[in-house]
Structure formats: C-alpha cells, structure tokens
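> The listed protein sequences correspond, in order, to chains Z and C.
Heads up: take any position in the first sequence, counting from 1, add 12, and you land on my numbering.
Heads up: take any position in the second sequence, counting from 1, add 1400, and you land on my numbering.
Be aware that one or more of the hints could be misleading.
Straight-line distance between alpha carbons at most 30 Å, and here's what the computed DSSO-like set of lysine-lysine pairs gives [claimed, not checked]: (1) Z:LYS48 x Z:LYS318; (2) Z:LYS116 x C:LYS1614; (3) C:LYS1825 x Z:LYS116; (4) C:LYS1825 x C:LYS1438; (5) Z:LYS123 x C:LYS1614; (6) Z:LYS116 x C:LYS1518.
None of these hints come from the bench; they were simulated from the model.
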Amino acid sequence: MLESIWFVLWGVLWIIYFVLDGFDLGLGALMPALAKNDQEKRIIYNSMGPFWDGNEVWLITAGGVTFAAFPGTYAVMFSSLYSALMLLLFALILRGVSFELRGKVDSPAWKSIWDICLFVGSFAPALLLGVAFANIFAGIPIDKDGVYHGTLFTLLNPYGLAGGLLFLVMFCVHGALWLVIKSGGDIGQDLNQRAQAMAAKLWYAELVLAVVFLIATWFATDLYNNYLAMPLMFVVPLLAVASLLGIRFMMAKGAWVKAWVSSAVFIASAALFGVLGLYPRLLPSSLDPAASMTISNSASSPLTLKIMLGVALVMVPVVIIYQAWVYKHFSHKIHAEDLAYEEAY
Amino acid sequence: MDVLMLSRLQFAAATFFHFLFVPLTLGLSILVAIMETKYVRSGDEEYKRMAKFWGKLFLINFAVGVVTGITLEFQFGTNWSRYSAYVGDIFGSLLAVEATVAFFLESTFLAVWVFGWKRLSPKAHAACIWLVAIASNVSAYWILAANSFMQNPVGYVIRNGRAELDDFLAIITQKWAVLEFLHTVSGAYVLAAFFVMGISAWHLLRNNETRFFKNSFRYAAVMALIFSVFLAINGDFSGKEVAEKQPAKLAAMESHWDTVKGAPMYLLAWPDPENERNSIEAIPVPGALSFLAFGTFDAEVKGLKDFPKEDRPPVLLSFISFRVMVGLGTLFIFLAAWAWLKRKDPQASPLLMRLLPWIIPLPYLANEMGWTLAEVGRQPWIVYGLMRTADAVSPIAVSQVGTTLVAFILVYGLLGLAAFFLLFKYARKGPEPLRVASAAPAGKEVAHA
Chain Z
13 MLESIWFVLW GVLWIIYFVL DGFDLGLGAL MPALAKNDQE KRIIYNSMGP FWDGNEVWLI
73 TAGGVTFAAF PGTYAVMFSS LYSALMLLLF ALILRGVSFE LRGKVDSPAW KSIWDICLFV
133 GSFAPALLLG VAFANIFAGI PIDKDGVYHG TLFTLLNPYG LAGGLLFLVM FCVHGALWLV
193 IKSGGDIGQD LNQRAQAMAA KLWYAELVLA VVFLIATWFA TDLYNNYLAM PLMFVVPLLA
253 VASLLGIRFM MAKGAWVKAW VSSAVFIASA ALFGVLGLYP RLLPSSLDPA ASMTISNSAS
313 SPLTLKIMLG VALVMVPVVI IYQAWVYKHF SHKIHAEDLA YEEAY
Chain C
1401 MDVLMLSRLQ FAAATFFHFL FVPLTLGLSI LVAIMETKYV RSGDEEYKRM AKFWGKLFLI
1461 NFAVGVVTGI TLEFQFGTNW SRYSAYVGDI FGSLLAVEAT VAFFLESTFL AVWVFGWKRL
1521 SPKAHAACIW LVAIASNVSA YWILAANSFM QNPVGYVIRN GRAELDDFLA IITQKWAVLE
1581 FLHTVSGAYV LAAFFVMGIS AWHLLRNNET RFFKNSFRYA AVMALIFSVF LAINGDFSGK
1641 EVAEKQPAKL AAMESHWDTV KGAPMYLLAW PDPENERNSI EAIPVPGALS FLAFGTFDAE
1701 VKGLKDFPKE DRPPVLLSFI SFRVMVGLGT LFIFLAAWAW LKRKDPQASP LLMRLLPWII
1761 PLPYLANEMG WTLAEVGRQP WIVYGLMRTA DAVSPIAVSQ VGTTLVAFIL VYGLLGLAAF
1821 FLLFKYARKG PEPLRVASAA PAGKEVAHA
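Looking at chain C on its own, in the form it has when it is part of the complex (with noise of 0.2 Å):
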C-alpha cells in the first residue's frame, strides 16, 4: 500500500474511533446539567446522585474522547501537508477559533466541575457543567464548519497558489454548516439519550433504585423522541443539500446509474459498481429519489454514469452506510415513541425494558455510518471540487505510517477496551448510596487548619 491509503486508513481509523466517543460527550453533558439544574432548583438530593451518576459515565467517556481529538488535529499536518498549506489559511483558522473559543472552556472547566463539588456553591457548581456542554456543543459547531468548507467550498479565493480567506461570515455562516452542525449534534443526542435508556431499563428490570432510573429514563425519552424526529426532518433537508451541492455523493449512496427525469426510489436494492448497474433492484417507489432529492416527483437526477469514472465516490460503502443510517434513524423514532409513551411508568414494559440494553450500540453505528457516507462520499475529494485527496497527501515515508498506523490500531483498541470496559462496570454498578454525610449544606469554602 501507498502513503496516500495508509494515510487515509489511520485518518479513517483515529476519526472513527474519536467519534465512538464524541456523541456522548455532547448529549451527555446536556442531560447532566439538566439533572444538576433539577437539583439546585429543588434540593432534591435524587438529582444530585443523577448527575454524580450519569457524570461518572460521562467522564470517562470524556478522557478518552479529548486525548484522541488531539492527535486530529495534528494529523492534518503530518500526514496532509499538502492539504495543510494549501487551505490552511481558511482551514487552520477555524481550528484555531475553536480551541481558542471552546475547547479552553471545556476542559478548564469540566476540572472545576469535578474538583468542585465542595468548594463552590450548588449554583455556581451546576453553571460549571452548563459552560461544559455549551463549550462542546460550540465546539462542535466550529469544527463542522471547517469540515463543511471540505464539504462546499465558499468564502474563499484562488490566490498564491492556494485558498484563501474572503468571506469568514460565509463559511462559518453557510447552510452546509448549519444543516451539518445540527445533524451531527441531534445524532448525538439520540445516541446519549439511548445510552441512557438503554441502562436505565437495565436496572429498571432489576427493580434496582427505581426512582432513580425512572426519572433518568424520562428525560432520555423526552430527549430521544425530540431528537430522532428532528434528525428526520434535517435529514431530508441535508439530502437535498447534498443533492444540490455533491451530485455524485447523493447518486453514490442511492446507487443510481443512470440520468433520467422522475427517479424512482427501490426499497430493495444493491449495486453492482464494476457493470455500472444495480444487481438487485425491487419494490420502486415511483419518483420517490427525484422527490426527495429536490422536492418534485418528475425532476431529474444525474446518474452516476454521467460522471467522469475518477469523479465518482466508491458506491457500495456510500450506499451501504446511507441505507444504514437512514433505516436505523428510522428504527428510532418508532423506539423512542415508545419509550416516550411509557415515561411515567416504563416497567410497566418489561419488553421495552429488555430491548433497550440492547439499543445501546445501534446508534454509536448509525452515527459511524453518518461520517462514512459523509466522507466517503466527498472522495475523490478532500476539498469538493477543489482539491484531490490523492494531491493532499505529506511527502513522508511509508514505513513511517505504516508504522504509526499498527501503532493507532493496537493503542486505541487497547484504549477502547480499557474504556467500553469501565463504562459497563460502573453503569452496572449503578449509583452510589446516599451518603449521610453529603446532605449537609454544600457550597461553603471548606476552611483548612
């Protein structure tokens, strides 16, 4: 293998497994200040245990999420200097403003929030996790932004020999990267909010601290239904967005071949990529794709055909992880109605109780298949339109990323299993027993001899 594949497998492989623990923090840290904002207001110990719980998760998950972003970062420059010179200036910045912005915020202070719990007040405790999620929710935003310009370029100008800043407001401002931000945020929601069912129901089929997990499970629902609908509607729009904007990566993931007018939309299908046609193609719904692709059944959709071979993205993972996505969405909705309608009493459900352990992992996937399609299907560009990923590549050795790629895969699967490892032993150990000791007035400054 070349430098260009080896790269593009350790980007895929550190990107994907970031991601595993992204969501979490984003919608986790939500539900935890929502808990912890019940607990100020009312006093009611149950919701401090709440946020101790669900934020013990939250944390480690968190540590591994923010050591693995780091090397992201970096990895623009060791492995696509080329990429990096040449729309660093538009690139690099949104990156900057995000560490400067948001990460700062993040990280200093979720320390605060988890040495604090003694030595600030109750409410300027629960403000410490606010700025949490608020911090890494913005953070998101800056940094789908810049993925958004890889996606659609705009805002800029071919200068020097390179892309460069023209319009800042346009690209942190485009609908691409509203439409993207508020995807990928949703998405993580739903993932958080069945995290959190998922082993609410666990211990609830164990009659284990019902209240407890009664009252988690409802704020999940609540979080899940919103949520996954949401994503329902912003999906279709960011369909057409793509439709209109990436061509090809809409007639990629449909696996549609050839140009016509009123496309329909086969619920059975599977592409054949090397006879440019479908092997398998069953059940149509008349003009469905032209519909869903621009809102008219009769409107025409460029097959991929039609596009120059070396433009086109790799069908079968773009169709595969697009199907993928859309039906697990879909599974969804239905799932968190359900839960939704049994908030108050959920073990009146053992079913549903018994089903949503088993949810857990089905959105961490949806999410993985979402960034597949996203970025699988941009190839064969790194910048749309703008810049090959075959041109972005560093001039480096392949011993040496072959060498730090065996060394990502054996360290973050190491890491991913110490993680997954902890967070299944403490979401089964459930919360801590009230401690007498922590109903006595919190906030003041505990004085030293």
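Isolated chain Z, as found in the complex (with noise of 0.2 Å):
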C-alpha cells in the first residue's frame, strides 16, 4: 500500500516537472525560429526569468524522490540510461546559466554563445527527457543483476524516438502558448504574433505525434494490459485526447491562458496514461520479465516511506502555494520597462 502511495507520488512529481519546466524548455528550443532581434530574445528571457529555476527544482525532486522511495530502480535507471541521463544534465548546466551570464558582457559574441547554449539546453532535454520515457514504458534491456546491456543507441529505436519527438513538440507549443501569454504588452507584438501562429502551426504536429505515440504504445509496449484490466482508466488517455483538442478549441478563441492550461493538462495526462500503464513497474526489462524494477522489488524500507511521505504531504503543498504566488505575482506581460529593469535577464 505504502509502496504503491509513493508510486503514484513518484508519477505526480515527474509530471508537475513535465508541466512546469516543460514551458521554459519549449520555449528556450524555440528561441532561434521566434526571436529574430536582442529585444525579442531578452523578451523570451525574461518572460521565464522568475520561474525556470523553481521549476527545475520539481526535476531535483523527481530524482531524489525516485533515489529515497526506490533506491533499487533509482540505481538500476541511472546507471542504464548513464549516457542520455549525461547528456541531458550538462545540456541543463549550460542551460541554467545562460540566463544569468549572457546579459553580463555586452558583445553580440558572447551573447550568441550563451543563446545557442540556451537553444541547446532547452531542445536536447526535452527530446531526450521524451526518449528516456518512451523507453521506461517500453523496458530496456535489463538483466536479473541490474545491469544493463546496450548502448546510448539502444534507446534511440523508433519507440523511443517517437516518445521524444512528442516530448519536444508537446513542450514547444507550450513554450509558445506561454510566451503569447507574457508577451506583447507595449513591446514585443510581432514576436507575440510569431508566437501565435508557431503554437497553431506545431499543434497539427503535436496531434499527428500524438496518434502517433498512441497507437505505438498498443505493438511496442504493454501498457495498455493495464487500462484493459480497469477500463475505467482509459478516462485518463480520453482526457489527454479532450486537452488536446482543448488547446485548439481555446486557441481559436483566442483565450491563450487557458489555451496553455489546456497543454498543461494534456501533457500531464499524456504522462499519466503513461506511468498508470507501468503500475506496478517502475523500469521494466526488455530481457526478462522477472528482472523488472517493481515497486516491491525496488522500495525503500517502511520506516523510510512512512517518514518520508509526511515530509512529502507537508512540504509538496506548501512548494506549490509559494509558488503559485510567484506565478501570480509575475504573471503580468512584459513591458519596455521590464527590459529598463536593472536587474533583467
């Protein structure tokens, strides 16, 4: 029971990750096709400036999470996927600091370097996050000892690429749904407009990959055995499919925050069809069955979940209170003078 709790915190706190930093990553890989000047770029800077550190941090969670709850999976999953999980965190460290270095040495140079590190940070996490997913539904080859026996290519197989695929382009639009939200103010109206017709224009690509995905899931996985055994749950795939139309729907309305509610309700439900398709699994394998990580298999001791999931039900809410008031607090569009501001990206 316990096990099985921290299960579904593990998939809530990989999705409020998905959810959040999936905006910034989207935006920062769609930096170079919306932004055609410095001004336009600082704008896409600065309308993640307060919130993409904070949103990092859910990943920090997410993998400390999976290291205290399964300390089995979280070493047999790490230590399989050594080469994506590598590149995925050096792709974040130059990432991360671009936002504070580039504004600090005023040279066309250095600023397009830190803007391609950006760019690189934001495209290679979200398609390799997607990849990395894809493959956990799919198992990997795993034997009894935990070992993993393939390569960083072994991943890159029709599956899992479709799954980054997916990943990319399902951030990309919300990235673009965001920026629509944060920019155009008494600056920024073409980028607005970019913004605009690149969210409508990759939501056709989004829902293709999605179908897509879908369908590959039913002949490459057997996630579905799951929604088959308790139909009910097929309410969950239903609702990325209703998000997912919701995103057009509001779109054409032109109501761009619930347009991005929209997305942010598709992709968490995409994710959630994906990790209720794994219970009991956390890290299936491709070789045996039986060498599977499970949430038995794989759990810390009860004492340890017990602890840890009060700390988790206090502090997890009160995380998402503050920083709901940050969202708040800094939701409004930005200004010229925003970009004046001293401290700005």
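Hints are included, so try docking the two chains, each in its own frame, into the full complex.
Okay, here's the thing in structure tokens:
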C-alpha cells in the first residue's frame, strides 16, 4: 500500500516537472525560430525569468524521490541510462547559466554563445526526456543483476524517438503558448504574433505525434494491459485527447491562458497515461519480465517511506502554494520597463 | 584506468568544482541579507547599493553553483549505483528532504528577490534574501547530514541485504553531523568574508567609493574574525571526533606510523608511505598529538602500521590537505584580527589593503583541502566501515565514464573561466552610481496600462 502511494507520488512529481519546466524548455528550443532581434530574445529570457529555476527544482525532487523511495530503481535506471542522463545534465548546466551570464558582457558574440546554450540546453532535454520515458514504458535490456545490456543507441529505437519527438513538440506548444501570454505588452507585438502562429502550426504536429504514439504504444509496450484490466482508467487517455482538442479550441477563441492550461492538462494526462500503464513496475526489463524493477523489489523500508510521506505531504503543498504565489505575482506581460529593469536578464 | 578510478576522478572533479561556488553562496547570502536589512531599517540608499553590488556577484556565483549541484545528485545513480541501492534507504531520503524543504525555497525566492526590487515592499524584498540565506544553510545541513552518514554511519540496520533506516533522528542529530555542519558553514563564512574584504580593500586602495567599501569591509571583518576563531575551536572538536570514530584517518592526516602513548606532533614532517615512515621528522612537540586527539598528553594514538594495508587511506594526500587547511586556518585568524582592528579606518593600513586582495584565493584552497581530507581520508570506504568504495561503483563501461570525465573537465573548465572572469570584471567595476530614480519610494506595485 505504502509502495503504491509512493508510486503515485513518484509519477505526480515527474508530471509536475514536465508541466512546469516543459514550457521553458519548449520556449528555449523555439527561441531561434521565434526571436528576430536582441529585444525579442530578451523578452523570451525574461518571460521565463522568475520561474525557470524553481521549475527545475522539480526535476531534482523527482530524482531525489526516486532515490529515496525506490533506491533499487534509481540505481538501475540512472546507471542504465548513463549516457542519456549525462547529456541531459550537461544540457541543463549550459542552459541554466545562460540566463545569468548572457547579459553580463555587452558583446553580440558573447550573447550568441549563451543563446546557443539556451537553445541546445532546452532542445536536448525535451527530446531526451521523451526518449528516456518512452524507453522506460517499453522496457530496456536489463538483467537480473540490474546490468544494462545496451548503449545510448539502443534507446534511439523508433518508439523511443517517437516519444522524444512527442515531448519536444508538446513542450514547444506549451512554450509558445506561454510566450503568447507573456509577450505583446507595449513591446514585442510581432513576437507575440509569431508565437501564436507557431503554436497553431505545431499543434497539428502535436496531434499527429500523439496519435502515432498512442498507437505505437499498443505495439511496442504492454501499458494497455492495465487499462484493459480496469477500463475505467481509459478516462486518462480520453482526458489527454480532450485536452489536446481543448488547446486548439481555446487558441481559436484567442483564450491563451486557457489554451496554456489545456496544454498543461494534456502533458499531465499524457504522462499519467504512461505511468499508470507501468504500475507496478518502475523500469520494465525487455530481456526478462522477472528482472523488471518494481515497487516491491526496489522500494525503501516502510519506515523510510512513512517518514518521507510525511515530509512530502507537508512540503509539496507548501511549495506549490508559494510557487503559485510567484506565478501570480509575475504573470504580467513583459513591458519595455521590465527590460530596462536593472536586474532583468 | 578502470571504471572505479575514472568514477572517483569524475566525482572528485564534479564536487571540487561545485564547492568552488557553494561557500560564497552560503556566506555572501547572509552578508547581503544583513546589508539589505540595514537599508530597510535606516532607509539609507547606500546599503541598498551594497546589497545590489554584492548581490550581483552573489548571483553570478550562485548560477554556476546551482547547475553543478544537480549533476552531483544524479551521479550517485549513474556512477555509484551499487552504493545507491545499498544505502539509498537512508542517503536518498536525506537528499530528497533537502530538495523539498530547502532547495525549492532557495531557488524560488532568489528569483523573487532578483525580479522583485520594484514589485515588493522593501520589507518583503529583504525577507526574500533572508529566506534564500536560511534555505541555503538549511540545505547544507541536510547534505552534510548525508555526508556524515558516510563518515560515521549511525541509525541503521542491515536488513534485506542493505542498510535500512532504523533511527532517523539519530542520523540527523548525530554529533558528527552537527560538527561537520558547523565546520563547513564557518569555513564558508570565512571565505565570503575574505572575498568581501579583498574586493573592498582593492577599491579602498584606489579611493573608489570609500564610504561604500569601508562599510562593506566593516561587516566582513567582523564576520571573518568571529568565524575564523570559531573554526579553530570547532576544528579541535572535529579532530577529537575523527580520533574516536575514524582512527585510520587521524593516523593518515598526521602521518603517524607507530602506535605509542604520549604521541608527539612534529611541526616539520614529510611522509614516506612506501617505507612506512616519515622521511622528515623535526621539531617535536611532546604529547601534542595525544592531547589534540584525546585531550590528555599520555593517551595512546594508534599508528598506521596497526591498520591492515587495505584499510589505510592515502597518507600523502590526507597529510598535505590537513596541514594546508590548518596552516591557512591559523593565518586567517591573524589576518581577520588585523582587519578587525583596522575596521573603522582600513585605509590607514595600506599594507593590509594591498595584501587582502591576494588572500581571496586562500580560503577557497582551505575549503577544498578540508573536503580532500574528509573524503580521501575516509578511503578505502565509501561508508566508513560498512561499504568499500570499490564495491560501490556502477556496472558501466570504461568508455562511458572516460567520455563524461573529459566532458566534465572541458565544460566545467570553460564554465569556471567564464564565471571567474565575470566575478573579476564586476568586482573591479564597483557599484553602480546612485540613480535618482531609485530614490523614489519603492514598494508599490507598478501598475501597467
């Protein structure tokens, strides 16, 4: 029971991470396509300014909770996905510093270095997270001792790549919608128009990829078994479809905040679809079902799970409350005076 | 080289680099918070400029510190998976608590502090930097409690083939953790204080912004003196704790080979590990080692020869790191006392002003040496007495670790260059001139059309 609660919490933490960091990863990946000049780039940087770091802590927490609640899975998953994870980390490092360092030297060459870091550091994690999770859904070649029999390229199979592309496009739509909300004050109207057009265009790609991924999941994984065993759970993929259509509907109405919320619900339900299909496994083995990492063979002791549950049930809502306050306080459109602000990126 | 050695080098490179930025974060956040509080209380714009100037240096430093911290948490899984599986029940939970309790707070409110100068009332804004300062120090406590479990495992039982949690409170309140935390944060405060004094001295020597830098200097001098003295006292307690809990580390850091009662300390010594002796041993202080380790001059101190060879830490590295750390720590007390005496009119002592900028790197060195001693001196154990480092490494390919090690060195090297270049640039540039606009009453929400 305790393990199952932690499985759900584990999924929820990853989902919050995808929803929150998703928009700023997507926006970073879209920056070269959207921004035509330095002012527009700065609008993009500052639209993520007060949020991106707090968002990224959800990744630390999701990783930390994997470690705390399912140390066996943490050990096998992170060592198996070694190269992919290291790429992800290097990307996030370069991305993270680009916010702070970019504006610190008044030279176009210096700035373009960090713009490239932001782009690569956003594009690669979006893609890699999708590749990693698709492979987790499908299972990876691990043996009974938790030793991985594959390479980085093993992960780049068609299903893994489909997952990567879906994440990338999903995050890009999420990011474009965020930019529509945050731009177009007294400056950046062109950027705002471009972001609107981009979101509308990418939505079709998102739709196609989502359908492809749902169908491919039937053939490449056994996630649907849980759903067939308990058909009520089909609510989750249905919610994903509904929210995906909701994005389009809200965009057509020009209700950008609602479109962004729909996008958040889509990301959450798409990820939840995969997580629920995994249960009770956290990392299936494609070599031998008995070698899969599950909640029962990789969980922490009941005492640790209880203490951590107490911490999580108190602290996660507190974090959500103060982060919500930050979002509310800094949700305004970026104006010229925001860019003139001494501390702005 | 094998996966073990490469993974050790990689972890060492990643932690050492990370720890170039952590101490300044821990110490400077407090100084900035104090400066901003003074601004809120007095309304004197000078203190706001101080908070902003030192805050800018803080932010450049923080950016690199925070991104290099992320890789550490993940490296336990990527490179030390057997360790993670064996002690994750305890170690993982401490890291997870750190993230939820402290790291969120730190990251979220730092952003509010950066973007909130005009959007928050001065009081609320100052509260943000206090939250950052407190959260980063609380964060340090959890991380150091986790490290203390590696140094001196308590509160666990071996069950189901792994170390499982038995007493959570024992782990987070053990003496080792408290001492290690106090030692680490005091070392960090000393570093931050010498950083501020060094930069202030550089400007005072040039008569730039004298009021601004005299005030900064005064705060830093007080901090430097309090914590450099405290470090020495705490260091004595820590040494006794090491003597009791990790006798092999004590013997290695003192290069003490033979078990004797009333062990002396040689002011000049040089280890010769191959022949299990010291090639130089001069100026003995009789009974000093016994006294420092156990509080009595005739106590027996176990020598390295009485530990099986496979249980001995690397002697030379432990010895050097310990001596450098203690030597620098002693130097800091004298320098801090000197600076404190001159705190009201530091410019009256041009020699001190010329010296202090050159001192800035030394606390960095001392901090890194402290960690070298803590971690190298714990070898061959990853968890002292419980798990050997050699048994902890992931079953991964040499080529994988080799590639990432090179990548770490390249990326971190460039990042370090960029960060220190910027710190240098902005430190030299000095504070922004007082802007008339910023004298307008702050605090009201800026309304948008």
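> Does each hint hold? Answer for all of them.
Each hint, compared with the structure:
1. Z:LYS48 x Z:LYS318: Answer violated: LYS48 of chain Z to LYS318 of chain Z is near 52 Å, above 30 Å.
2. Z:LYS116 x C:LYS1614: With a Cα-Cα distance of about 26 Å, the restraint between LYS116 of chain Z and LYS1614 of chain C holds, given a limit of 30 Å.
3. C:LYS1825 x Z:LYS116: 9 Å, holds
4. C:LYS1825 x C:LYS1438: 27 Å, holds
5. Z:LYS123 x C:LYS1614: Between LYS123 of chain Z and LYS1614 of chain C the Cα gap is close to 35 Å, so the pair fails against 30 Å, i.e. violated.
6. Z:LYS116 x C:LYS1518: Holds. LYS116 of chain Z to LYS1518 of chain C sits at ~21 Å (cutoff 30 Å).
Hints 1 and 5 from the earlier list are contradicted by this structure; the remaining hints agree with it.
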